[in-house]
Amino acid sequence: MTAAALLVAGLGLALFWAPEDADQGISQKIFYVHVPVALTAYAAFFWAAWKALRLLWKGGDRYDLESYTAVHMGVIFGVLTLVTGSIWAKVSWGHWWVWSERQLTLFLILFLFYSAYFMLRYSTDPGPRRARTSAVYSLFGVVLIPVSFMAIRLAEGLIHPVVFKRDGPDMDGTMFLTFCVCLAAMLALAGGLYLLELSGKRADANLRDLRERLA
Amino acid sequence: MSGYFADVAALARKDLLVELRTRDTVPAMLLFVVSALVVFHFALPEESSRLAASGMLWIALLFTALLALGRAFVGERDQGTIDGLILAPCDRSAIWLGKTLSVLAFLLFAEAVALPAFALFYESVTWELVAGLALANIGIASVGTLFGAMAAAARARELLLPLLFLPVAIPLIVGGLGATVSDDPGRYLAFLGVYDLIFAILSWASFEYVVTE
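Chains A and B, in that order, give the protein sequences.
First residue of the first sequence? That's 1 in our numbering, and the numbers climb one at a time after it.
First residue of the second sequence? That's 1001 in our numbering, and the numbers climb one at a time after it.
Treat the hints as calculated values from the structure; they're not laboratory data.
Quick reminder that beta carbons are idealized off the backbone N, C-alpha and C, glycines included.
Treat the hints with care, since some could be wrong.
Here are the in silico distance ranges between beta carbons for each label pair [to be verified]:
#, chain 1, residue 1, chain 2, residue 2, range
1, A, Lys90, B, Arg1155, 38 to 44 Å
2, B, Ala1190, A, Arg54, 31 to 37 Å
3, A, Ala5, B, Ala1205, 40 to 46 Å
4, A, Val79, B, Arg1013, 46 to 52 Å
5, B, Val1039, A, Gly12, 53 to 59 Å
Given these sequences and hints, build the entire structure.
Okay, structure coming up:
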């Protein structure tokens, strides 16, 4: 509910209140969706790694489910980031994909990495071992984020000249406020979906448990 | 501490001995890397730059490494010897270090053939390339051994390892290629060193969680 209200408020503000960007005009509005979605995806990956760390530290099935669900959220929001970023790139630069956009390239790498997480999970038999293996893998994920980012920056100077540069985070007050509302909305949305999926997965696990006991 | 390194040395020696007797992995790697370099000749247009040839070399070496990494734990699983290793009275991370060292030795063998072949077919080998390879080898072997152990426990293991490993290997390619072709190789070599340090420590610390039942 909170998520829905914030989302409506955020998008409303973005569309009607925040001033249009002088350079990019209306297309700049996607900024209010794209960047919060990206930050939410990062938050989900870090949350997954945090739960993974707790799992390795203390053990327990609940951390496994939580970490798995968080990765799931992260991948969903990561795909949204790629899609919105791609649309933005098409509108402002005329191409669907631009390698010099660092964040997008990073999200592509992360998307590949975390897709392999699901492959790993589905092809390993359930049990404490799968839980620990997945946890280790998701820990590697958050270490990979800064390392890949550095690598992309290094590669840029090497392979491609830096052509496009956006302005820094200097926005005026209304823009910044709108951005914050949108960010809160996305985080709330991700949190809500996370809790929903988690309760579904828990119910599923409990049901399986009961069935096994009955059988 | 000396006991730990004695374990590591014994484990690495065991792998090398097994390879010496069965000759399963290294000959395949050598053949693969030379074949890949030959195939690349036909994939590169006539006046390709030195940049392109170096990139191809790095791809060939990465895929050759995947062969060694895929084999590293598959044999142990199939023969059931992994249980013996885990039950052995040594630190589990010693298993990882021993495997990593043996994989490193296999990679060095492959490169000892690949580099002269590269020099013969394409471009001369520079010291920057050799330094980059030396550092990248450490990263490939350490992360790859851990992921190899992960993949070996799964059903689709040969399929899984490249999927797990390639996204993590992208920084290695960037660093290695950068060291090979850039005017300022120091930056890229330093990056490779940092990568090795971070991921070797992470793999060393997390190996135990991956192999125990």
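Honestly, which of those hints from before does the structure not fit?
Failing hints: none at all.
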